[in-house]
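> Chain by chain, the residues run as shown.
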Amino acid sequence: MQWISNLTNLTIHIGNTSFENPIWVASGTFGYGTEAPELVDVNQLGAIVTKSITRQPREGNPPPRIVETASGMINSIGLANIGVEKYIKKLLPIYEGLSTKIIMNIAGTDIQEYVEIMEMVESVSSAIAGYEINISCPNVKKGGMEFGVDCEMTAKLTETLRGITERLLIMKLSPNVSDIVSIGLSAENAGADAVSAINTVVGMSINAKTGMSDIFTTYGGLSGPAIKPIGLVAVHKLYQQLTIPIIGIGGIVSGEDAVEYMLAGATAVQVGTANFRDPGISENIIDSLKNILNESNRKVAADLIGTVQTH
Amino acid sequence: MQWISNLTNLTIHIGNTSFENPIWVASGTFGYGTEAPELVDVNQLGAIVTKSITRQPREGNPPPRIVETASGMINSIGLANIGVEKYIKKLLPIYEGLSTKIIMNIAGTDIQEYVEIMEMVESVSSAIAGYEINISCPNVKKGGMEFGVDCEMTAKLTETLRGITERLLIMKLSPNVSDIVSIGLSAENAGADAVSAINTVVGMSINAKTGMSDIFTTYGGLSGPAIKPIGLVAVHKLYQQLTIPIIGIGGIVSGEDAVEYMLAGATAVQVGTANFRDPGISENIIDSLKNILNESNRKVAADLIGTVQTH
Amino acid sequence: MIIERARIKSNRPLAHEIWEMQFEAPNIAREYMGSGQFINILTVDDWNHPLRRPMSIASSEDGFVSIIYKIFGNMTRELTQKKSGETLDLLGPLGNIFSKWDNGSYPILIGGGVGLAPILNLKKACDDNKIEYTMIIGARSGNEHFISHEPEKNIYLTTDDGSMGEKGTVMVPLQRLVEINKNAFIFACGPEPMLRAVKEFAINNDIQAQLSVESYMGCGIGFCQGCVIQRKISKIQTHSYHEKYSLVCMDGPIYNAMDIKFD
Amino acid sequence: MIIERARIKSNRPLAHEIWEMQFEAPNIAREYMGSGQFINILTVDDWNHPLRRPMSIASSEDGFVSIIYKIFGNMTRELTQKKSGETLDLLGPLGNIFSKWDNGSYPILIGGGVGLAPILNLKKACDDNKIEYTMIIGARSGNEHFISHEPEKNIYLTTDDGSMGEKGTVMVPLQRLVEINKNAFIFACGPEPMLRAVKEFAINNDIQAQLSVESYMGCGIGFCQGCVIQRKISKIQTHSYHEKYSLVCMDGPIYNAMDIKFD
Ligand SMILES: Cc1cc2nc3c(=O)[nH]c(=O)nc-3n(C[C@H](O)[C@H](O)[C@H](O)COP(=O)(O)OP(=O)(O)OC[C@H]3O[C@@H](n4cnc5c(N)ncnc54)[C@H](O)[C@@H]3O)c2cc1C
Ligand SMILES: Cc1cc2nc3c(=O)[nH]c(=O)nc-3n(C[C@H](O)[C@H](O)[C@H](O)COP(=O)(O)OP(=O)(O)OC[C@H]3O[C@@H](n4cnc5c(N)ncnc54)[C@H](O)[C@@H]3O)c2cc1C
Ligand SMILES: Cc1cc2nc3c(=O)[nH]c(=O)nc-3n(C[C@H](O)[C@H](O)[C@H](O)COP(=O)(O)O)c2cc1C
Ligand SMILES: Cc1cc2nc3c(=O)[nH]c(=O)nc-3n(C[C@H](O)[C@H](O)[C@H](O)COP(=O)(O)O)c2cc1C
Ligand code: FES
Ligand code: FES
Numbered sequence: 000m001q002w003i004s005n006l007t008n009l010t011i012h013i014g015n016t017s018f019e020n021p022i023w024v025a026s027g028t029f030g031y032g033t034e035a036p037e038l039v040d041v042n043q044l045g046a047i048v049t050k051s052i053t054r055q056p057r058e059g060n061p062p063p064r065i066v067e068t069a070s071g072m073i074n075s076i077g078l079a080n081i082g083v084e085k086y087i088k089k090l091l092p093i094y095e096g097l098s099t100k101i102i103m104n105i106a107g108t109d110i111q112e113y114v115e116i117m118e119m120v121e122s123v124s125s126a127i128a129g130y131e132i133n134i135s136c137p138n139v140k141k142g143g144m145e146f147g148v149d150c151e152m153t154a155k156l157t158e159t160l161r162g163i164t165e166r167l168l169i170m171k172l173s174p175n176v177s178d179i180v181s182i183g184l185s186a187e188n189a190g191a192d193a194v195s196a197i198n199t200v201v202g203m204s205i206n207a208k209t210g211m212s213d214i215f216t217t218y219g220g221l222s223g224p225a226i227k228p229i230g231l232v233a234v235h236k237l238y239q240q241l242t243i244p245i246i247g248i249g250g251i252v253s254g255e256d257a258v259e260y261m262l263a264g265a266t267a268v269q270v271g272t273a274n275f276r277d278p279g280i281s282e283n284i285i286d287s288l289k290n291i292l293n294e295s296n297r298k299v300a301a302d303l304i305g306t307v308q309t310h
Numbered sequence: 000m001q002w003i004s005n006l007t008n009l010t011i012h013i014g015n016t017s018f019e020n021p022i023w024v025a026s027g028t029f030g031y032g033t034e035a036p037e038l039v040d041v042n043q044l045g046a047i048v049t050k051s052i053t054r055q056p057r058e059g060n061p062p063p064r065i066v067e068t069a070s071g072m073i074n075s076i077g078l079a080n081i082g083v084e085k086y087i088k089k090l091l092p093i094y095e096g097l098s099t100k101i102i103m104n105i106a107g108t109d110i111q112e113y114v115e116i117m118e119m120v121e122s123v124s125s126a127i128a129g130y131e132i133n134i135s136c137p138n139v140k141k142g143g144m145e146f147g148v149d150c151e152m153t154a155k156l157t158e159t160l161r162g163i164t165e166r167l168l169i170m171k172l173s174p175n176v177s178d179i180v181s182i183g184l185s186a187e188n189a190g191a192d193a194v195s196a197i198n199t200v201v202g203m204s205i206n207a208k209t210g211m212s213d214i215f216t217t218y219g220g221l222s223g224p225a226i227k228p229i230g231l232v233a234v235h236k237l238y239q240q241l242t243i244p245i246i247g248i249g250g251i252v253s254g255e256d257a258v259e260y261m262l263a264g265a266t267a268v269q270v271g272t273a274n275f276r277d278p279g280i281s282e283n284i285i286d287s288l289k290n291i292l293n294e295s296n297r298k299v300a301a302d303l304i305g306t307v308q309t310h
Numbered sequence: 000m001i002i003e004r005a006r007i008k009s010n011r012p013l014a015h016e017i018w019e020m021q022f023e024a025p026n027i028a029r030e031y032m033g034s035g036q037f038i039n040i041l042t043v044d045d046w047n048h049p050l051r052r053p054m055s056i057a058s059s060e061d062g063f064v065s066i067i068y069k070i071f072g073n074m075t076r077e078l079t080q081k082k083s084g085e086t087l088d089l090l091g092p093l094g095n096i097f098s099k100w101d102n103g104s105y106p107i108l109i110g111g112g113v114g115l116a117p118i119l120n121l122k123k124a125c126d127d128n129k130i131e132y133t134m135i136i137g138a139r140s141g142n143e144h145f146i147s148h149e150p151e152k153n154i155y156l157t158t159d160d161g162s163m164g165e166k167g168t169v170m171v172p173l174q175r176l177v178e179i180n181k182n183a184f185i186f187a188c189g190p191e192p193m194l195r196a197v198k199e200f201a202i203n204n205d206i207q208a209q210l211s212v213e214s215y216m217g218c219g220i221g222f223c224q225g226c227v228i229q230r231k232i233s234k235i236q237t238h239s240y241h242e243k244y245s246l247v248c249m250d251g252p253i254y255n256a257m258d259i260k261f262d
Numbered sequence: 000m001i002i003e004r005a006r007i008k009s010n011r012p013l014a015h016e017i018w019e020m021q022f023e024a025p026n027i028a029r030e031y032m033g034s035g036q037f038i039n040i041l042t043v044d045d046w047n048h049p050l051r052r053p054m055s056i057a058s059s060e061d062g063f064v065s066i067i068y069k070i071f072g073n074m075t076r077e078l079t080q081k082k083s084g085e086t087l088d089l090l091g092p093l094g095n096i097f098s099k100w101d102n103g104s105y106p107i108l109i110g111g112g113v114g115l116a117p118i119l120n121l122k123k124a125c126d127d128n129k130i131e132y133t134m135i136i137g138a139r140s141g142n143e144h145f146i147s148h149e150p151e152k153n154i155y156l157t158t159d160d161g162s163m164g165e166k167g168t169v170m171v172p173l174q175r176l177v178e179i180n181k182n183a184f185i186f187a188c189g190p191e192p193m194l195r196a197v198k199e200f201a202i203n204n205d206i207q208a209q210l211s212v213e214s215y216m217g218c219g220i221g222f223c224q225g226c227v228i229q230r231k232i233s234k235i236q237t238h239s240y241h242e243k244y245s246l247v248c249m250d251g252p253i254y255n256a257m258d259i260k261f262d
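Protein chains in written order, with numbering that gives the first Met the number 0: chain A, 0 to 310; chain B, 0 to 310; chain C, 0 to 262; chain D, 0 to 262.
FYI, nobody ran anything at the bench for these hints, they're computed from the structure. Where a beta carbon is used, it is the ideal one built from N, C-alpha and C, also for glycine. Worth double-checking, as some hints may not be accurate.
Subject to a maximum C-alpha distance of 30 Å in a straight line, what follows is the list of computed BS3-like cross-link-like pairs (lysine-lysine) [as the list claims (entries may be wrong)]:
| no. | chain 1 | residue 1 | chain 2 | residue 2 |
| --- | --- | --- | --- | --- |
| 1 | D | LYS231 | C | LYS82 |
| 2 | A | LYS85 | D | LYS231 |
| 3 | C | LYS243 | C | LYS99 |
| 4 | D | LYS81 | A | LYS88 |
| 5 | D | LYS243 | C | LYS82 |
Pulled from the structure, derived: some chain A residues nowhere near chain B, Cβ distances all over 12 Å [claimed, not checked]:
| no. | residue |
| --- | --- |
| 6 | ASN60 |
| 7 | MET72 |
| 8 | LYS89 |
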């Protein structure tokens with residue numbers, strides 16, 4: 000019954016922008032989208048959120064940067080990236096040729112850095128659909144973490160960037176706070192088009208045999224299926240209080256996971272750690288989402304948003 | 000080489016109290032210590048922390064109360080417990096007959112409730128070694144959660160209870176905060192003998208098929224191996240700033256896990272979720288800890304505390 | 000209750016997505032008290048699935064116990080991969096038992112889906128004790144049945160789609176049978192909708208009934224307080240403990256139909 | 000690079016805690032470029048261990064690739080449980096290759112522990128190309144060796160405990176051999192302490208050396224930026240990217256000894 004499959008509608012909207020489907024790949028887990036053309040057809044993706052870009056190129060942290068944990072992993076890459084100039088020169092032209100949407104993720108250590116980066120990108124013509132603002136990277140000293148835990152700073156940063164761009168402005172929230180909703184509200188009130196949640200959870204791993212910390216920076220960011228329950232709470236809480244769309248992130252590895260996030264309140268989701276294991280997993284997740292919708296009464300993905308039934 | 004094994008010394012000290020070994024069982028995961036005498040010899044345990052006790056008996060939350068997640072589980076028991084009067088009448092006499100140390104965990108909705116409970120217990124003679132104060136249960140509305148996220152309230156509660164007991168006073172910290180260290184410092188400065196960390200992490204689970212929340216209260220507490228990296232961060236951070244002992248909790252299922260927590264800064268550890276799978280697991284962990292010490296140069300468990308090497 | 004590393008004697012499909020596994024578990028078999036008890040199975044050694052899975056004992060004889068299980072999710076699927084000769088870690092026997100089936104009344108045994116495991120067990124007890132009874136087993140479709148519709152032996156099958164036995168739910172033959180047997184005592188195990196219907200029917204018709212219920216279990220031994228079901232008590236004290244909620248693992252899984260509430 | 004569901008042809012122990020596994024992986028074999036490349040193996044379908052495990056290709060012929068692996072932790076232990084006929088999900092071939100071994104110099108191939116997988120691969124390339132060489136394989140003890148000490152064929156084994164071949168590390172025969180072969184070019188793979196020693200020796204003696212290094216990998220394909228090793232560059236710009244750190248999965252795993260730093 001091939002025709003039934005055509006009935007499903009995966010399109011979702013954020014601000015004025017529509018996305019062919021709600022399955023995106025998360026910043027820092029899919030490079031710049033150009034790394035593995037043999038393994039994945041990026042044009043199938045709802046969007047690619049590119050690796051955090053800073054004003055200057057960054058080498059990142061010394062190794063070891065990665066360790067596996069129970070149903071997860073910890074990373075401390077330290078925002079290794081090519082810097083905004085090369086991003087503009089080398090990558091923006093490539094993105095012109097893609098039909099998938101590109102969301103540029105930006106990180107900085109103070110408002111000025113975010114502003115400079117965005118102004119540089121806004122000053123050239125490009126196909127990027129919008130920005131995701133990383134105010135929550137746990138692995139860089141002064142790496143924007145101040146913003147992520149502070150409502151006022153979040154508001155100020157959002158407001159400032161809102162003044163610079165009319166493209167999508169998505170603030171990426173940290174789970175390492177007492178109250179993620181108040182940060183989200185600050186972003187909404189200051190003019191963000193959406194928030195994404197969550198970034199990684201601060202974690203640590205130790206080798207019992209050697210007595211050494213497994214990560215150079217001692218702490219890193221926990222991601223993967225282990226944190227899915229934490230991401231779901233964040234999205235569900237934000238959905239209760241915010242009116243702007245929420246993009247769900249954390250431990251998504253299957254179509255069911257994507258559905259759960261949408262039920263909790265996500266308009267779209269991002270697949271992170273799972274890309275490391277299977278670069279083509281997002282295409283599978285899109286197919287699986289279609290199948291799930293087909294087998295249910297609801298054929299429209301957007302109808303799932305926020306419809307979880309509580310007791 | 001049986002004699003080597005005798006060289007290991009598992010004794011640890013908290014305040015004036017010594018414990019035969021650092022492997023305790025966590026509150027709410029081992030009942031009142033009397034449930035399964037066939038399956039576990041409780042006198043082998045370093046200590047039993049009993050299920051949170053409130054002033055009045057409590058039925059707890061409606062089902063479903065439990066769901067498995069990736070390498071973990073979510074619970075929302077809602078502090079079902081027999082209440083302090085029955086605890087005093089039925090359980091304290093039984094505890095007199097045990098050689099293991101009993102730590103009574105107390106929960107309340109306001110300072111007055113904690114005070115009443117502790118005064119009732121202090122007014123009778125008993126063998127309990129001390130109290131663990133649950134200021135961090137995520138599953139009860141007004142269930143002490145206010146205390147766990149607020150430094151001033153934590154200080155006030157600690158100070159008040161310190162005035163009532165000379166027994167061990169351990170404040171149990173929540174990971175669901177921006178800054179666990181400042182809460183820990185408040186407890187230390189107000190006279191706590193130790194802090195324990197962590198209680199469960201707020202989590203949510205959804206059934207993608209039915210669209211229902213898996214837990215009656217929507218949110219519950221995530222525990223198990225999935226949260227070990229979060230517990231290790233808490234313990235390591237607290238160890239850097241506090242002078243009182245730290246009791247490590249979160250995802251401990253093996254001797255290696257216990258060692259990792261001690262390296263991070265824990266003086267003792269508590270085994271939680273793992274008891275559900277294997278009620279005798281703490282005895283295995285004690286044996287495994289002994290073996291690990293034997294195979295290393297360090298024969299004294301206490302020598303591990305806080306000695307993790309960072310890069 | 001005992002933890003026993005049990006050798007798998009056999010593991011085979013009985014019907015569509017329904018399997019039977021037999022264990023050599025002499026210690027658990029020795030402590031076994033009767034139909035209705037269950038074991039708690041550790042399916043994987045890894046900690047990605049921390050919790051055991053509860054399964055009713057379908058038979059216990061000569062040091063062997065068996066279960067009948069339905070492929071439901073990851074761990075039951077994993078169970079089907081186990082080969083005879085491998086070992087599994089079992090905790091049991093747990094829970095209480097069906098009672099009064101031998102008190103002179105006429106037992107009507109009702110099983111729905113895999114809920115028939117403890118029911119088959121009770122059937123055998125009746126057979127052994129030469130107690131007459133009727134058994135009704137319901138399923139969605141014929142391919143889920145692995146015993147025969149033999150009305151002459153008082154064994155009735157039902158299917159929702161009518162593909163085997165009588166069309167409809169177990170309520171169809173039940174209704175009829177109860178009219179014949181004024182002395183009926185119902186023993187039922189199955190999915191919650193079935194148990195609800197049976198319960199309502201029993202209460203309306205003033206028939207005694209014992210139900211075997213399920214709940215999500217953290218431990219099976221009273222440690223976690225996770226497995227509760229609501230008790231039906233007219234007056235519950237504000238400050239009570241285990242009056243409103245009962246632990247299915249310790250107080251159950253068998254309850255008198257009147258004693259529990261399904262909402 | 001390709002993801003291929005590969006059938007296991009064989010899986011057997013070679014020595015103490017060292018196993019060999021052969022796969023039928025025609026697509027990966029077709030893309031294979033030479034000794035030094037690796038595959039990234041998905042050991043379990045479950046997500047409790049989210050990351051693949053990188054393993055050097057020990058041979059690639061006629062549509063088959065093989066690995067030699069040491070039991071190190073959970074996933075390598077799990078690998079030993081796999082049976083021929085089962086399938087595994089492989090990503091590869093990945094990484095760069097040993098080069099210039101056929102440029103007229105005298106290759107000295109050094110393998111330590113399981114680091115001998117790519118070295119055996121290079122040995123075969125030398126054999127096939129009729130290039131003379133010497134091979135030195137080090138291990139802690141004789142039970143870890145699975146090839147023979149045959150000085151007459153220029154194959155030298157060493158063991159830390161002297162239980163097989165020469166006593167000591169690979170440095171003992173290396174030192175001697177380099178004195179004889181002025182034209183030596185070292186190719187080494189093994190644990191970091193060995194690579195450090197080889198590197199220092201090569202630099203001090205002005206001998207060219209290529210080292211195959213390891214690092215903890217998140218993806219193997221440049222997505223995660225996790226697998227870095229420090230480059231040895233005299234002057235690094237303050238604002239640089241991949242000058243100070245190199246991605247072992249894309250730029251490596253083979254590096255000139257001079258180009259990397261081990262601290
Ligand atoms: C007392 C009792 C007796 C049972 N007897 C049988 C039996 O004889 N045959 C049979 O096939 N099934 C029986 N069950 C149900 C069986 O336990 C579940 O089908 C099984 O746990 C599903 O595991 P899974 O990993 O395949 O599914 P999952 O994908 O993990 O879970 C799917 C559903 O299974 C149930 N479940 C999962 N874990 C548990 C748990 N720890 N405790 C209780 N329920 C859980 C939940 O309803 C969950 O939504 C019994 C349950 C109880 C409580
Ligand atoms: C390019 C490359 C080639 C390799 N070739 C071989 C080989 O031919 N034979 C062989 O036996 N081993 C090889 N290794 C090492 C092998 O990858 C590890 O031994 C293996 O991953 C251990 O997995 P485990 O689950 O058994 O151990 P775990 O208990 O998970 O980990 C133990 C140690 O293994 C290493 N490790 C774990 N996961 C990874 C990962 N994703 N990436 C890198 N290292 C990891 C870490 O050092 C870790 O401390 C190679 C590594 C690399 C990077
Ligand atoms: C290796 C790695 C690198 C990451 N780098 C970034 C980054 O540069 N910027 C960012 O905003 N998030 C970064 N993240 C966070 C992810 O985008 C995502 O929020 C997080 O991993 C949770 O999703 P997951 O559980 O699906 O991985 C990174 C995550 C990982 C694992
Ligand atoms: C079912 C369940 C009930 C719990 N009840 C309590 C409680 O009553 N009081 C309390 O302080 N902590 C309670 N906890 C938290 C544990 O004591 C422990 O802090 C947490 O589970 C983390 O440890 P783990 O990962 O080893 O389980 C409970 C945990 C679980 C899983
Ligand atoms: S399952 Fe834990 S108390 Fe019943
Ligand atoms: S392993 Fe991910 S970039 Fe190299």
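> The structure should be examined with respect to each hint, and the outcome stated for every one.
Outcome of the hint check:
Of the pairs offered as hints, the one joining LYS231/D and LYS82/C is violated, with about 54 Å between alpha carbons and a cut-off of 30 Å exceeded. Between the alpha carbons of LYS85/A and LYS231/D the distance comes to roughly 24 Å, so the proposed pair stays at or under 30 Å and holds. Of the pairs offered as hints, the one joining LYS243/C and LYS99/C holds, with about 25 Å between alpha carbons and a cut-off of 30 Å not exceeded. Restraint check for LYS81/D and LYS88/A: not satisfied, since their Cα atoms lie roughly 48 Å apart, outside the 30 Å limit.
This hinted pair does not check out: LYS243/D and LYS82/C have alpha carbons roughly 53 Å apart, beyond 30 Å. The beta carbon of ASN60/A is not kept farther than 12 Å from every beta carbon of chain B, the shortest such distance being approximately 10 Å. The beta carbon of MET72/A sits about 9 Å from the closest Cβ of chain B, which is not more than 12 Å, so the claim that it is off the interface is violated. The beta carbon of LYS89/A sits about 32 Å from the closest Cβ of chain B, which is more than 12 Å, so the claim that it is off the interface holds.
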